[in-house]
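Asks: Listed here are the chains, written in short residue letters.
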Amino acid sequence: MGRYVARRLLQMIPVFLGTTLLIFLMVYSLPGDPVAGLFGDKGVDPATLAAKKKELGLDLPLWQQYWNYMTNIILHFDFGTQIRNGRPVTEVLGDAFPITLQLAALAFAFEMIFGLGLGVIAGLRAGRLADNAVLIFTLLIISIPVFVLGFIVKMVFAFELGWIAPNVSNEQLWSELIAPAIVLGGLSLAYVARLTRTSMAENLRADYMRTAVAKGLPKRRVIGVHLMRNSMIPVVTFLGTDIGALMGGAIVTERIFNVKGVGGLIAESITRREGTTLVGLVTILVIIYLVTSLLIDLLYAVLDPRIRYA
Amino acid sequence: MRGAKSAKWVVGAIVVALAATACGGGKSDGGSDAKGAVDPNGIFSIELGEPEKPLLTGDTMESNGSAVMAGLFSTLVDYKADGSLEMINAESVTTTDSKTWTVKLKSGWTFHDGTPVTSKSFVDAWNWNANITNAQGLASWFADIKGFEKLHPEAEGAKPTADKLDGLKVVDDNTFTIELTKAVPYFGHKLAYIVFAPLPESFYKDPAAGGEKPVGNGPYKFKSWDHKKQIEIVRFDGYKGPNKAKNGGVVFKNYTTVEAAYEDLKSGNVDVLRTIGPKDLPVYRQDLGDRAVDQAYSAIQTLAIAFYADQWKKPKQVDPRVIQGLSMAIDRATITKTVLNGTREPATGWVAKGVLGYQPNAVEVTKFDPAKAKELIKAGGGVPNNEIFIQFNADGGHKEWVDAVCNSITQATQVKCTGDSKPDFQADLTARKSKQVKSIYRSGWVLDYPVNANFISDLFRTGAGGNQGGFSNAELDAKIAAADTAATLDESVKAYQAIEKDLVNYMPSIPLWYYKVNAGYSEKVSGVQYGQDGDPILTGVEVKK
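Protein chains in written order, with this note's numbering: chain A, 1 to 310; chain B, 1 to 545.
For reference, chain A alone in the conformation it holds in the complex:
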């Protein structure tokens, strides 16, 4: 077990280097000069342009820029500064990540509680009315694009009923984040419900289930421990990878609800060719993916004791 974890952690190093290098190269190859972009239609004299580039270290060859960047990250935990406003990237990330974490946590809780709940109901009543209702509901959610869902939520709850404010304010209260979290978690909720339902319906007919019932165990224990535990592996896999997706893929939802989180920051960094910010963001997201996938792999052994890691 310990060796397995150590090996997985060591694997993170090449992945980390590879992704940062790839992103660095990709941003570099985009047409458009981030420094010239500062000046817009009015243009700039070459002397000022050169002075700015020198100040930012953008006049060096690419490999040297990458080298400086990586050594700074590893030795000083310094992700560089933004080209536009000269703010340290760590500070920019420090502003954006907590709010996205908050939003992602809410969305995750929402999709887990309701997704699993609906899935269990549908799975236990496979083929009956409740199952069909859940099927229709999840189909509906999956087929509506996120921005449409966002606008519908705003229209109904903010403008028609007046229950919520249309936008998340600068204080970013938990209560304001509920609506965007529902929109953000909605799609995954449908998948979680579907996965749970199928897995449960299948395992209901398994031998161990018959044995458990035959032993005369109470129904709650049969379903809660024997059935659930065995049906959770595909669901947990999905939930784990979804954490990363929730963190990075919230661009549309964050824009609709005026959340200043990671999604918007990624989009902005791309259009402004803020290479250092983008690499910093992606690095953190990669680490989140790696850690969650490790945790999921370890969870497998807990859920199914037959799975063992050397």
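Think of the hints as simulated: they come from the structure by calculation, not from any bench.
Beta carbons are placed, not taken as given, at the ideal position from N, Cα and C, and that holds for glycine.
Do not take every clue at face value.
A few chain A residues that face chain B, going by a derived Cβ cut-off under 8 Å, partial list only [what the hints assert, rightly or not]: (1) 32; (2) 36; (3) 37; (4) 44; (5) 47; (6) 48; (7) 52; (8) 95; (9) 258; (10) 264; (11) 271.
Straight-line C-alpha distance at most 25 Å; calculated PhoX-like pairs for lysine-lysine [as the list claims (entries may be wrong)]: (12) 53/B / 53/A; (13) 190/B / 120/B; (14) 54/A / 150/B; (15) 53/B / 54/A; (16) 205/B / 54/A.
Based on these hints, arrange chain B on the given structure of chain A.
Replies: This is chain B only, laid out in the frame that chain A set:
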């Protein structure tokens, strides 16, 4: 720039204020007029994007940062809507030959940290901003002043050989002189720009902190900057200028989209908008009624010709008549009304409305006349390859009107026209800079100072900063030089008016339309006016109790 008021707008604001008061009085039957009363310490909020850069006087050139800086700093002068100057921090700005300028300061002014504003505050600030080692984006504004090339050498990587502009001399605490390399009749108008603001002594110790927590001499002092969320400024009670704030302060709120800001305006979470998104344009007048703003400001959209492109150069230089023809093939009236939802106004010349020397209907070539267009193109030898491309950035909402302009040209003249979309503004600029524009690119210009020279000299002079299409004409350069050295401002403006009429013979670009401010404000505020640069004038806003 802000602080500029036209009588018309003052009257307009009063009418709005009265109407609101009357309304409030009528509804509350006790006759209490508390609803319309103004709270002099009231704080209001404005929608604003995150400033792109630190708030430095020498480096703030985009509109988000400028809006904040306008509240924090006061320059020597400002201009009124008719283009004439109003003294702010200066007692007087005088010259006899347009070459040597004498500035006298009003006494008793202080920065927000309590230190006095003296001539040295101005001179030191200008020297610092002009110095190449500080790499300030607006440094070229000091190019008129004697000794600029020593502080800001042209060549890449060159070191400055001086740390002061020769042309700036401190006479005493309240007087200094500016000597220019040549006469510039409209130099006084340039002084209204933020780059000419003074800086306190404390700034030079830590310029980075100065960009993060600016200390200015303006009507508001800096309070806080919560990045990407909001910036707060509060009224500076020691302010001596004529444009004292009528409110207690301003909160600049950051929104992810203009649509989100509009929703917040409707639900009362933000008070003043600077623009309305395309989604809400068709309905905003209905939604807001009296509080909807629809006003011209001094900016213009053009189609600039990439003269370096083979199409216009080989085998011979293009005949201006061809470009005249293309211009007359564009149905500006219909496009502005339909595609652009009435947010623009057809241009009739190269100089935008609201600047000194604007002349209505300056030229004929902006009229839509398909027959004449065809005739002109034929007379000029036809469009090479009978095909043009209009380059634009896809992230700026330009696609719709570029398509419409293309359709209009093709229908009127049978010249094939295609939009050449670049993914974003960065890519668009790179194509312009590396001279890869195929034939035409969209271009825009907002005033820097309210004189027609700004729309001609800074765009069409050989090598000018805004001249990215490689237009160059010795004859026109000579005329511009003559206009620049005219003895008085009046003569210079007149000379530029003549040049504008003459531009049809060169057609360096095709004027399309003037921009308008389409914005709105909440019921909580009154007296909201927009300056010639399209930004709301902060100091005049009154907050209701």
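Asks: Give a verdict on every hint.
Replies: Each hint, compared with the structure:
1. 32: This hint holds: residue 32/A lies near chain B, its Cβ roughly 3 Å from the closest one there, short of 8 Å.
2. 36: The hint holds - residue 36/A has a Cβ within 8 Å of chain B, the shortest such distance being about 6 Å.
3. 37: Where the cut-off is 8 Å and the nearest Cβ of chain B is about 5 Å from residue 37/A, the hint holds.
4. 44: holds, 6 Å
5. 47: Holds: closest Cβ of chain B sits about 6 Å from residue 47/A, inside 8 Å.
6. 48: holds, 6 Å
7. 52: holds, 5 Å
8. 95: holds, 6 Å
9. 258: holds, 4 Å
10. 264: It holds, given that the least Cβ distance between residue 264/A and chain B is near 6 Å, below 8 Å.
11. 271: holds, 5 Å
12. 53/B / 53/A: holds, 15 Å
13. 190/B / 120/B: holds, 19 Å
14. 54/A / 150/B: Between residue 54/A and residue 150/B the Cα gap is close to 20 Å, so the pair holds against 25 Å.
15. 53/B / 54/A: holds, 17 Å
16. 205/B / 54/A: holds, 22 Å
The structure agrees with every numbered hint stated previously.
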